[in-house]
Each structure stands twice: as structure tokens, then as C-alpha cells.
Amino acid sequence: MAKYDLKDDSVVVVIGSGAGGGTLSNELCQKGVNVVLLEAGKRTEIQDFVNDEWASFLQLAWLDPRTTSGNWRVAKDFPTLPAWTCKTVGGTTTHWAGASLRFQEHEFRTKTVYGSIPGANLLDWPLTLAELAPYYAKAEDKMGVTRTNDIPGLPGNNNFKIMEYGAGKVGYKTVHTGRMAINSRERDGRGSCQQIGFCFQGCKSGAKWSTLYTEIPKAEATGRLDLRPESHVIKIVHDDAGKVSGVVYVDASGATQEQKARAICVGCNSIESPRLLLNSESAKYPDGLANSSGMVGRNYMRHTTGSVYSIFPKPVHMYRGTTMAGIVQDEAALDTRRGFAGGYELETLSLGLPFMAAFLEPGAWGREYAAALGSYANMAGMWIVGEDMPQANNRVTLNKGVKDRYGMPVPNVHYDDHENDIKMREHAYKRGAEIHQAAGAVQVFHTPPYPSTHNLGTNRMSENPKDGVVNKWGQSHDIKNLFVSDGSQFTTGGAENPTLTIVTLAIRQADYIADQMSKKEI
Amino acid sequence: MPTEGVDRRDFLISTGAAAGIVILGGGVMMASDGAWAMTLSRLKPQQGATLIRMARDLYAYDAIDDGPYAKIVEALDAEAAKDDKTLALLTEGVKRLDDAAGGNYAGEDEAKRLAALKANAGSPFFQKVQGSMINGFYNDHDVWAKLGYEGSSAEKGGYIHRGFDDIAWLPKS
Ligand SMILES: Cc1cc2nc3c(=O)[nH]c(=O)nc-3n(C[C@H](O)[C@H](O)[C@H](O)COP(=O)(O)OP(=O)(O)OC[C@H]3O[C@@H](n4cnc5c(N)ncnc54)[C@H](O)[C@@H]3O)c2cc1C
Ligand code: SF4
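These protein sequence lines are chains A and B, in that order. Heads up: the first sequence is residues -13 to 508, going by the numbering used here. Heads up: the second sequence is residues 250 to 422, going by the numbering used here.
Hints listed in this document are in silico derivations from the structure and should not be mistaken for laboratory results. We put the beta carbon where it would ideally sit given N, CA and C, even for glycine.
Footprint (simulated), chain A over chain B, 3 or more residues, beta carbon under 8 Å:
#, segment
1, 307 to 317
2, 394 to 407
3, 412 to 421
Same shape as in the complex, but just chain B:
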């Protein structure tokens, strides 16, 4: 099943983050430094790796590890598990992206990957992943913390005593 086409032994894929991705058996993938792990039920690990790399290329932050990107891919996989159309969209889309990059998208350099992305931009597959990133990645509290958004404030009493008007660098007029 999930390990189909992949050796059962562990191996490492680089997605540009400091830590690589280790593929374990049973659809489990994790960061080589153990920072995160995800489980794929329908997508193959190599497909998952391509998607993580693609997600990062769409909205790249060097300061963010693969974890939040992997969450998006995991959610796509969960959707694919419930809906064959989504599975087909993702499988075919990943194949086209890999093909456009010469076979293995995740393994190519940035220039090649960007060219492959541009060739696929606007396709339903591309829009699907892009939409998941916009609506999911930027709605992830870990990402908020990294990008400087403080989130819910009512339970902290708002900002009335917490800096709503604390700008100090602006000249006085």
C-alpha cells in the first residue's frame, strides 16, 4: 500500500529546509531532526516530498521548517483519501510537475523548479495546492508566530494596554 514503489529502508529527501525528510514505512514521513512527522494514507512518500517542495517554493520562508508545509500536504492527502477526484488531481499534477522538472521535482535546483512551476501555474492542480497554502498555511498558528501576527486578543484584554499605539520610531511630525 503506502510503501508501494519505495524501499522499506529509510532514506532521506532534501526539500531545502535545514533538516531533510526521512521516509519510514507505513506512509510515515518525518524530519531528519525529528521536528515534525506526518502520515500519508493515499499519496506515496515521493509524491508527498514533491508536494512539500512545491508548497515551499510557492511561499518560501527560510526561517520555517518543513513542518507547516507538511501539514498542508497531509491535509491534501486526507482529502484525497475521501475523494478519488482529488487523489487523481494530485497524482496527475505531481506527475506533470515532476516531468516538467525532468523526472524528480524535489531533487532539482531552484531555477529548474521555478520553470516547472511556471509551466503548471494556473492549472487546477496548481490552484488546489496554492489555495491550500493560502487558506491553510497562513492560518497556521505556528506560521503566525514566525511571521509576526499575534492572533486572538480579546481574551488578553485587547491591545488597549498592550501596545495599540506604541509606535516609537515615527518622527513626531
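Next comes chain A alone, as it looks inside the complex:
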């Protein structure tokens, strides 16, 4: 493992070791670039993971204070927990489920295709599917996505069988066990899925791709990666010319350090990334870094989510086996006859009893709710993931009234549901319920959205610097050695789970950064 000097200004500093930052670091190291990877969380390895929902949440989730506002249900049910993300080496790829879908072609051009939707701040990506396709292919190969690269699909568990049967009865055609970054057979030195059923708690078998035990050790093996866990970046600083020159972070001992850098890549996930840029305000950049457009923190997206849980007359044991290996894709295409723009996927989902109690119907009590939880063994579940509308006022701002342990203002996450989001959710609840009812469900719950697991859009890509924060390489329009490397780059959200696209963009960004460095452009 490399060890670079704090004053070494030839290194590229990557902040955050999740899907974006972890992948980018490895790709850069493979190209011979020296990388300092700063990660706020600890290095917790596979053997430390626990098959226990609350214990794993306390072990890996991001628990620093955050606040909420807006009319979304999460602000009422979980006012201090707007999002479920992780703070650990590997970031949220430790807790993620592995669903890995490419965007559809039209989803890169929503302004053109959907037209003007009141209240929605739609914009076309400065990218096309054709441009990304070769990088998608690299990402799928890297992550070992099933149903790509001749990798077979995962076997269906009980929850999937319910979905498959019901979806068939309802007339859906594209129903399968998903494109999952989970080994259905041994690959890349990792074993195959043991159907443990705790994908959301860190995969104990390592079958599921996570930067923790793929990208990061591979980067370390190059001898070019200096990974510093428990290093929480509080500010990015710049030189007189306005280029970023280093980062200020608090290390494991609580000491404040400053690491110099040639270029800086922010991969802190879509709440912390804009927060860091905003907290890095200076005399030269009074509105925060990279924010001449005023778009840093705006257009926060989280997907139009919700879940359908149903009770069946007989046992299902939905929690056995892969959490999300099951999908119905028929509703993902654009079909405005349904009364809304965009589309949605239906994916199998299960929660253990502890999380089910907290999430099935937050705040509920009494005999009926207890009886529903008492039927836990007979439950099946699915998750709705659909495209939500970017709105300028759905945004991450600094809440200067609340400070974290380092004295930095915490992020406030404001989200109002758009009418389009609500219509889509209602449609999906109905269709999801029909699937379960066709398989014999006797009681159906429309479970409201959980704290956001997909956080997107707060430093969006744009052709025109006035419309967004970064260009099609994730490079800041304002400061050319400052990059954004996570889902906050997304111009719009698509109907698909975002991580495959985050990894794809990171691979592509690494090519660009290496090229710009060799040309001395940065």
C-alpha cells in the first residue's frame, strides 16, 4: 500500500470509497495514477458483517445528523433520517442489493421526449446511451452482472416465485430474476450466492459486488493507493487562481489534516457531495465550490418508490435468499397513456421482521397492525422504483442551525412529491397489488417510501454551464481539476437502480482524468 506525503500535490484525491469513488480510485490506479482515497468510515470487512438488521445498520450506516423538510412522507416518519446510506470503506455498496440495470435510450433525453412538464426541471443529459454503451459493458463485466457476459441468472427464491406467478397471470412478459451484481457462480475470485438473505446487511459470502472487497484491494495491489479510513473531509480548498489545491479532513485521532492534490474527485453520495461543496465556500466562491449556476444541491431525486407487501394464506418465507433477485420490467417503458411520464420497475424485496415492524406502516399500532406483523412468515414483498421528476426546489441545503461533531452545518434534505411522482406511485401500487392478488394474496399493504437509498441529481451534468454543475465527464464547469464522481451527477434519474450507471460513469471518468493529466490540462 502506498503512503503519500500530505504536501504531495501530485496525487489525485478521491473522497468517498463507495460505488463511484471506490471504482474511480481503482481505475485510476490501474492507469498508473497515484491516488489518496479519503473515507469517513472505518474499514469493516466481510467477517465483521452481521446478519442482524439493526446491528448492521449501527455498524455501517451513515448516522451523522441530517434534517428534512417538504411534503414527502419520509420527513414525517423519519425526520432525522432522510436517507439510508453507509459510512464505511465500500460505502453503500456494502448494504446495496445488487440490482444492475442500464438506462433506456430515451431516459437520457427526457426534456426532449417528455416535453414540458409544469414544475419539473427536466434536462437532457449531455450524453447518449450509445456513448455510454461500451462503458456499461465494462461495468457489467467488472461487477459480474447476471444475464450479461454469459453469466446465468440467479435461481428464483420463494418471493420471486410469487412475483413470477402473479405477474404471469396479470399478463406481464418481462419477468426474471434480475440483472444482479451477485455471483450466480464463482467469478473474479469470489464465490457464488449462498442465498443467505441478508444482502442489505453486507454479504457474508462476498458473492455480491462491493468496492470493499473488489475495487479497493485491486487498487491496493497496484501499490498506488493510499486509502485512509476514518478521514472525514470537511472542506475543499483552492489556490489564488481558483483551482482546487487540497482538502481539509479530520483523521481517526480527531486531528485536522490538509492533503494537497493535483485534482479532487468528490464521491460522497448525493447528500454529502453537495454539502461538502457548499461548506467549502470562500471569499472567491461565496456560494460554495462549482456553484456559479446555483445548481449545487438542487434537483435532488430519490426515485418514486414505495413497496407492496402482501399476506398469503400459507408460508412464503420471503426473507430466505437474495433480497432483490426478481423483476417485472413491463412498466419501465414510456407510455403516457398511463397518465404520467417515465416508467417504473417492480423488484422483489424483503425486510426482516425488525425492519418490517418499523417500515410496513410507520407509526401504526393496535391489533390489526400486530396481526399483520404476526403473519410475517406468510408475506411477500416488492419494491417500486420509478423515475421521479427533478425539481429545482427539491434540494440539499446547509442547515446552519445544526452542526455536526466537527462544527460543520448539517445537510437539510427538502423534497416535495411532484404530481407525476404521485400518479406513478399510485399506478404502481395498484399493479403490484394485482400481481400479488393473482397469486392469492389475502391482504395487501401499500408501504410508503423508506429513507432514500437512491440519492441523485444534486450536482447534475449539463451541456450548458448555466443548467448544471458538471460537464459530461463529471468535471466541474467552473473548476477544471474538480470532479464529481457519484450519483449526484445524474441529470435525471431514469427508472433503473442507479449504481451500474454510477460505476459506468466512474470508469469513463477515469479515462478522461488520465488523459487530461497526460495532456497537462489538469
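Since the structure of chain A is provided, determine the placement of chain B with the ligands on it from the hints.
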């Protein structure tokens, strides 16, 4: 101290479970059939009984005895022992609940108790007990076993050979 306001002799409180609760001296309460026992350090036994009854009314399972409910109350008491604010929240909350039920919540019939609960729903006290139930009761391995959740599976080799796809009642298509 803990026995303040209560006779030292044993007596029985019904909380709806098959076994009643026996209050012993020294803050110790136990099931009349001996299935469980708990010790309260700050709350009074009668307050403990009201809380157990309330916890059960929030999330009632006839097949589960008072033991897992008592664990939640015991944990609340332990928190109250460390923090006066929690103690005040619980003592005042229990009093309001008892008052709303006409003096003795645990001794009333279900309709009266539900009315008293509804009158208190959403209060900080109510949310405190509710939150402890959601996060504690449903995280109790004894409760998992009763409600059909199998818990940790990695050490058993996952479900790959243990029924991840064993659903047999679903028609073939
Ligand atoms: C339960 C769950 C299931 C999911 N399932 C799926 C799925 O099936 N498919 C899918 O596509 N997506 C899924 N996701 C979402 C997926 O995890 C995220 O999209 C992805 O991990 C985001 O990558 P990222 O690089 O943007 O951020 P992250 O992976 O969250 O990484 C960000 C890292 O930055 C670190 N960091 C933040 N701020 C600082 C700072 N100031 N200084 C230093 N370090 C910092 C964090 O500690 C973290 O490690 C799921 C998420 C959850 C929670
Ligand atoms: S079900 Fe498969 S992917 Fe999920 S945690 Fe278990 S082994 Fe890992």
C-alpha cells in the same frame, strides 16, 4: 424506595396474559407461573404493570406471554434510572394513561384501555413506548421465533440448501 406505595406482601395483577404478574419486594416483578421476572429500579410496580399492559395493547400477541413486553419496560426503567427526563416522561405519561382510563389502566377492559390509548396517541410518552416496542420488541429473538422469523443464516450456510425456493403450495402457473 421501589416498594414505596405498595404493600410488601405479594399481590397479583392481570395484564391479559394467561399468567398474572406477582409483585415481590425490592422492585422485582414476576409472572405468576414463573416464566419471567424483571427488576425495576425507578418505576413503581404499579407503573410497571400499566406499561406492560400498554405495551401489549400496542402490539398484542395472544401467543406471547408478558416476558418480552416486560423486557421493554425493564429497559425503559433502566433508561429512567440514568436520566431524570425519561423518568418524568414515563411517570407523567403513565399517570395520564391511568387517569384517562379512570384511575387504573391495567385493570380496565379493552374498550376503555383503547380509548385511553387513543387519547394519548402521538404524545411524547406514547411515542417513547411505541418506539421501544418497534425497535426492541420486534428485535427480540424470542419474539422472532414466535412470529416466524428465522434470523441470522450465514452461519448455517444460508438457505441454499435450506428452503429458499421451497414454496410448494403455489400452482405451477
Ligand atoms: C439498502 C440499500 C439497497 C440498495 N440496493 C441497490 C440496488 O439493488 N441497485 C442499485 O443500483 N443501487 C442500490 N442501492 C443504492 C446504492 O448503494 C448507491 O446508489 C451507491 O452506493 C451510491 O454510490 P456513491 O458512490 O454515490 O455513494 P456511496 O456508495 O454511498 O459512497 C459514498 C462514500 O463517501 C463517504 N463520505 C461521505 N462524505 C464524506 C466526507 N465528507 N469525507 C469522507 N468520506 C465521505 C461515505 O462514508 C461513503 O463511504 C441501495 C442502497 C441501499 C441503502
Ligand atoms: S443472498 Fe447471496 S448476495 Fe445476498 S447476502 Fe446472501 S450470499 Fe450474499
